[in-house]
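These are the residues of each chain, in order.
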Amino acid sequence: MKDFKLSRRTLLRGLGTLMALPVLEQMVPSVARAAEPGAAPRRLAVFYVPCGIYMPNWTPRGTGRDWALSPTLQPLAPVKDDVLVLSGLSHEPGRPDQFGHHAAGTGAFLSCVKIHKASHESDVRAGVSMDQIAARALRSHTRLPSLELGNDGGDGTGSCDANFSCAYARNIAWAAPTSPVAKDTHPRSVFDRLFAGFDPDATRAQLEKRKAYEQSILDFVREDAQALKQKLGTRDRRKLDEYFTSVRELELRVEALDQQAPTCSKGPRPENTEDVRQKTKVMCDLMVLAFQCDLTRVATFMLGNGRSDRVYDFLGLTSGHHTYSHHQHVPENHAALAKIDRWEVEQFSYLLQRMKSVQEGDATLLDNSLVYFGSEVADGNSHGHSDMPVLLAGRGGGTVTPGRHVRYGGKPVANLFISMLQSVGVNVNGFGDDGSAPLPNLKQ
Amino acid sequence: MDSRGWRMALAGAACALLLASCTNKESRAKETPTDPADPDQTPPECQGPRDPGRVTLHRLNRAEYDNTVRDLLGDTTRPSRDFPADDHGYGFDNNADVLSLGPLLMEKYSAAAEKLVEATWKQDASRTPPLVRVCAPDPADPLPCGRQILERFARRAWRRPVTSTEVDRLTGFLSLAKQQGDGFDAGMKLALRAVLLSPHFLYRVELDPHPASMEPHRLNDYELASRLSYFLWSSMPDEALLAAADAGALQTPEHLEQQVRRMLADPKAEALVDNFAGQWLYTRALDSFHPDPLLYPFDDGLREAMRQETQLVFREFLLGDHPARDLVDADFTYVNDTLAQHYGLPKPGTQEMRRVSLAGHPERSGLLGQGSILAVTSHPDRTSPVKRGLWVLEQLMCKAPPPPPPNVEGLPPAVDPKMSIKQRMARHRSDPTCSGCHSMMDPIGYGMENFNVVGAWRLKEEVSGAQVDPSGDLPGDVHFKDGVELRAILKADPELDVCIAQHLLAYGLGRGPMDADACTLRSVSKTAEARGGRLSDLILAITQSQSFTWRRGEAEDTNEGSAP
Numbered sequence: 001m002k003d004f005k006l007s008r009r010t011l012l013r014g015l016g017t018l019m020a021l022p023v024l025e026q027m028v029p030s031v032a033r034a035a036e037p038g039a040a041p042r043r044l045a046v047f048y049v050p051c052g053i054y055m056p057n058w059t060p061r062g063t064g065r066d067w068a069l070s071p072t073l074q075p076l077a078p079v080k081d082d083v084l085v086l087s088g089l090s091h092e093p094g095r096p097d098q099f100g101h102h103a104a105g106t107g108a109f110l111s112c113v114k115i116h117k118a119s120h121e122s123d124v125r126a127g128v129s130m131d132q133i134a135a136r137a138l139r140s141h142t143r144l145p146s147l148e149l150g151n152d153g154g155d156g157t158g159s160c161d162a163n164f165s166c167a168y169a170r171n172i173a174w175a176a177p178t179s180p181v182a183k184d185t186h187p188r189s190v191f192d193r194l195f196a197g198f199d200p201d202a203t204r205a206q207l208e209k210r211k212a213y214e215q216s217i218l219d220f221v222r223e224d225a226q227a228l229k230q231k232l233g234t235r236d237r238r239k240l241d242e243y244f245t246s247v248r249e250l251e252l253r254v255e256a257l258d259q260q261a262p263t264c265s266k267g268p269r270p271e272n273t274e275d276v277r278q279k280t281k282v283m284c285d286l287m288v289l290a291f292q293c294d295l296t297r298v299a300t301f302m303l304g305n306g307r308s309d310r311v312y313d314f315l316g317l318t319s320g321h322h323t324y325s326h327h328q329h330v331p332e333n334h335a336a337l338a339k340i341d342r343w344e345v346e347q348f349s350y351l352l353q354r355m356k357s358v359q360e361g362d363a364t365l366l367d368n369s370l371v372y373f374g375s376e377v378a379d380g381n382s383h384g385h386s387d388m389p390v391l392l393a394g395r396g397g398g399t400v401t402p403g404r405h406v407r408y409g410g411k412p413v414a415n416l417f418i419s420m421l422q423s424v425g426v427n428v429n430g431f432g433d434d435g436s437a438p439l440p441n442l443k444q
Numbered sequence: 001m002d003s004r005g006w007r008m009a010l011a012g013a014a015c016a017l018l019l020a021s022c023t024n025k026e027s028r029a030k031e032t033p034t035d036p037a038d039p040d041q042t043p044p045e046c047q048g049p050r051d052p053g054r055v056t057l058h059r060l061n062r063a064e065y066d067n068t069v070r071d072l073l074g075d076t077t078r079p080s081r082d083f084p085a086d087d088h089g090y091g092f093d094n095n096a097d098v099l100s101l102g103p104l105l106m107e108k109y110s111a112a113a114e115k116l117v118e119a120t121w122k123q124d125a126s127r128t129p130p131l132v133r134v135c136a137p138d139p140a141d142p143l144p145c146g147r148q149i150l151e152r153f154a155r156r157a158w159r160r161p162v163t164s165t166e167v168d169r170l171t172g173f174l175s176l177a178k179q180q181g182d183g184f185d186a187g188m189k190l191a192l193r194a195v196l197l198s199p200h201f202l203y204r205v206e207l208d209p210h211p212a213s214m215e216p217h218r219l220n221d222y223e224l225a226s227r228l229s230y231f232l233w234s235s236m237p238d239e240a241l242l243a244a245a246d247a248g249a250l251q252t253p254e255h256l257e258q259q260v261r262r263m264l265a266d267p268k269a270e271a272l273v274d275n276f277a278g279q280w281l282y283t284r285a286l287d288s289f290h291p292d293p294l295l296y297p298f299d300d301g302l303r304e305a306m307r308q309e310t311q312l313v314f315r316e317f318l319l320g321d322h323p324a325r326d327l328v329d330a331d332f333t334y335v336n337d338t339l340a341q342h343y344g345l346p347k348p349g350t351q352e353m354r355r356v357s358l359a360g361h362p363e364r365s366g367l368l369g370q371g372s373i374l375a376v377t378s379h380p381d382r383t384s385p386v387k388r389g390l391w392v393l394e395q396l397m398c399k400a401p402p403p404p405p406p407n408v409e410g411l412p413p414a415v416d417p418k419m420s421i422k423q424r425m426a427r428h429r430s431d432p433t434c435s436g437c438h439s440m441m442d443p444i445g446y447g448m449e450n451f452n453v454v455g456a457w458r459l460k461e462e463v464s465g466a467q468v469d470p471s472g473d474l475p476g477d478v479h480f481k482d483g484v485e486l487r488a489i490l491k492a493d494p495e496l497d498v499c500i501a502q503h504l505l506a507y508g509l510g511r512g513p514m515d516a517d518a519c520t521l522r523s524v525s526k527t528a529e530a531r532g533g534r535l536s537d538l539i540l541a542i543t544q545s546q547s548f549t550w551r552r553g554e555a556e557d558t559n560e561g562s563a564p
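Residue numbers (our numbering), protein chains in the order written: chain A, 1 to 444; chain B, 1 to 564.
Hint data in this document are derived by calculation from the structure and do not stem from the laboratory. Computed from a predicted model, the values in this text were never measured in an experiment. Take these hints with a grain of salt, some might be off.
Stated by the list, open to error - Subject to a maximum C-alpha distance of 27 Å in a straight line, what follows is the list of computed DSS-like cross-link-like pairs (lysine-lysine):
#1 B:LYS115 - A:LYS211
#2 B:LYS115 - A:LYS266
#3 B:LYS387 - B:LYS347
#4 A:LYS266 - A:LYS211
#5 A:LYS209 - B:LYS418
#6 B:LYS526 - A:LYS209
#7 A:LYS339 - B:LYS526
#8 B:LYS122 - A:LYS211
#9 A:LYS443 - A:LYS411
Given only the sequences and the hints, what does the whole structure look like? Please build it.
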């Protein structure tokens with residue numbers, strides 16, 4: 001068991017009503033990282049924003065290392081050298097055969113598989129998402145295979161997008177074509193989950209007993225489910241399979257109770273908030289905390305659900321995001337969208353700066369990560385799926401050379417995902433409907 | 001107004017206009033499946049035994065979990081606040097097909113179970129009568145008392161009798177705790193947690209004698225008890241309902257009706273207001289409604305009053321003696337001073353919500369005059385005849401037009417602030433790819449144009465300054481001059497009752513409508529009409545229908561798609 005010292009400053013920063021988790025360098029044993037030189041864990045993170053981007057204000061002038069931040073990308077100034085702007089990538093699988101671009105684009109966002117619009121809303125079929133492939137490959141290293149975060153649950157009225165299932169617009173992480181991975185939308189709940197069962201004072205014997213007890217409960221309910229399954233028809237058995245999978249996941253957490261607990265100190269428990277500004281920051285903080293404590297190596301964050309019509313009143317805007325995104329080439333709408341986009345990029349920049357502030361040996365947490373920024377459509381008015389707004393931040397442990405603007409002539413985003421997966425050690429050469437090879441020119 | 005004319009007009013529009021311009025196979029699944037010519041005569045396809053359909057293994061949704069632990073353990077902390085949002089299908093978040101159970105939720109269930117059991121065990125010592133500590137264990141042999149507690153608890157939690165083998169397995173936790181050097185309490189708490197994590201608790205289990213057979217069969221008494229209680233209470237059966245199931249007393253229509261009436265009168269039926277009406281009428285969307293503050297003064301007081309207005313009116317319909325179709329033009333509502341002022345009605349002189357007569361204010365009558373519904377079907381900065389018309393078609397007529405054809409969104413020309421709403425909507429008529437559907441939606445919305453974004457009465461549009469024109473022409477040469485005439489048209493349409501029944505059935509069963517439901521819905525609305533046509537009559541007729549009391553299996557299906 002390691003000792004950690006929390007500085008007074010760190011603790012003070014954790015107090016107060018405007019909850020921000022403290023910067024936690026002090027909480028992580030630097031020795032633990034230093035002890036494994038060259039073996040710093042690599043992480044994948046995804047930052048999703050809804051409704052596309054107003055592209056004229058987004059795309060920077062100049063390419064290669066000689067590029068200038070565009071108005072919308074201005075907030076990235078402090079991390080400009082850590083970001084790759086990838087222009088001209090397309091996301092064709094997100095294009096639906098008929099109306100419903102937001103649901104289709106969001107459902108396919110990380111899976112690059114055209115989602116299924118069945119004869120009824122409750123028949124859900126998408127693809128396995130990039131983050132979940134990474135999570136499966138990296139799962140043995142950490143307590144949680146992945147962390148799914150978001151700001152919005154969903155108010156549950158009406159149809160989500162042209163009779164596409166709501167699951168598509170609300171989830172970017174998919175463990176299987178029929179299994180969206182639900183996201184956590186409450187900061188406290190995320191925190192509790194990260195540190196569930198964590199008891200720094202527990203003795204080994206106590207931990208062993210706890211494991212035995214938890215295990216016995218899981219064994220019991222698994223037997224219940226097994227007996228039940230024998231009596232069910234096809235579709236019900238499939239439903240129950242979710243239960244088995246989830247019990248198995250819980251079991252893995254239980255098994256890891258004693259391994260993971262001592263490597264990190266919790267810090268203060270955040271407050272729940274529905275203020276999108278505070279919530280976004282806390283969610284970013286929690287993502288960084290989870291990486292820093294090596295509780296997971298894969299995380300996704302949805303700033304809003306697909307087709308979000310959030311009213312950004314604090315930006316002086318009165319109409320909803322989705323409504324503005326159908327700008328109809330009206331300059332006022334362009335201006336409103338650019339404001340929202342810029343605010344989103346500010347939040348992304350905050351996340352990157354937090355990751356960059358965490359030292360891991362000779363590098364930073366950001367250096368050891370790849371962080372993908374994107375949306376379900378390019379322009380919200382035309383619902384374009386080519387020339388997507390894509391950023392890739394971090395160095396992926398040396399697999400990517402950021403600080404550049406690279407233009408591609410219509411390569412699929414899926415190819416970028418192949419590169420990202422390879423950078424965390426997942427050996428894939430194809431991905432989704434249109435991914436066929438790694439994306440060239442990510443490293444110089 | 002000729003109701004048949006309107007109905008035929010809609011049907012006509014669906015056949016001629018929609019199929020010509022907005023053909024969309026998918027959307028038709030949302031419509032009432034068939035439209036027999038004469039509702040008084042049972043059409044041939046509705047004679048003979050009906051297919052009750054099947055309901056997928058149903059995970060408790062968040063509201064159901066909270067209410068169930070409230071009724072089981074007396075816990076009012078609403079543990080589901082930490083759970084991920086439930087997805088919804090067909091407008092309801094209790095749709096069994098889309099209620100999935102992922103690792104995150106399982107962790108939350110596990111954490112909740114531990115917390116609930118700890119709290120219950122601690123408090124129970126001082127509670128009279130005790131919930132779980134119904135006996136004092138003999139220190140020499142605590143097993144008999146443990147068995148008694150667990151049998152009783154599992155029966156309640158699993159909503160059915162438990163076998164002695166099941167109780168044996170549960171008492172195994174007592175031995176385990178003993179092996180680990182812990183006492184009776186530790187073992188019991190483990191067993192109670194296991195009960196709450198078991199699939200028999202988290203899912204509503206209904207079994208088919210032959211899962212691969214399409215042959216319909218009656219639900220057993222306990223399955224039916226659960227269907228009833230989760231429909232009416234979003235919760236588990238109470239002791240009286242379980243006793244009725246024990247006695248086999250749910251198998252006759254009379255006893256069933258007795259139970260339904262008892263349950264509707266119970267305060268727990270408020271769940272229908274929160275979970276059914278909140279989703280059917282969209283009042284749940286009020287939370288995220290943020291109108292443009294410069295154009296439309298609005299605050300949380302008004303928001304809350306609007307929400308309560310709709311809830312109180314719905315509750316009166318649920319418990320009272322009004323025909324369900326009066327929802328469209330009820331001549332009463334509930335307001336407080338704030339809302340009355342907002343509506344231009346006499347103030348009741350209190351901030352409590354009070355029932356007021358709308359005599360002399362027909363423009364405010366019924367759902368179409370309620371701020372909650374007018375608000376959630378508006379844009380933040382302008383009214384939307386399209387959204388309002390769509391709401392009426394989907395929620396009251398079950399005639400959802402198909403979504404716009406590909407890439408049509410974004411086509412309308414830029415909004416010119418000087419143009420009136422009708423001038424802006426003109427494009428919907430002139431463009432043949434749009435006119436089929438919009439000729440149904442837009443005019444209905446016009447009839448609600450005298451209400452602004454926040455549901456206040458207006459004669460002029462805020463931005464254009466144009467005089468509001470609330471008249472409209474529906475397909476089939478049906479003209480109305482204002483919202484009051486529009487209400488009369490809607491109310492006279494027999495589809496209204498069928499549509500309310502369709503929403504109730506989708507909610508009550510937790511599944512989407514299927515073709516075979518068409519006959520059920522016809523007979524449900526006919527039966528209900530014969531009894532007075534109240535909301536409670538519709539509910540009673542649904543609970544007695546074959547769709548509700550029977551189920552069937554399904555043919556083996558070898559589709560891929562199961563979780564890894």
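- Message: Hint compliance check: list the failing hint numbers for this structure, sorted ascending.
- Response: Hints 3, 5, 6, 7 contradicted; others consistent.
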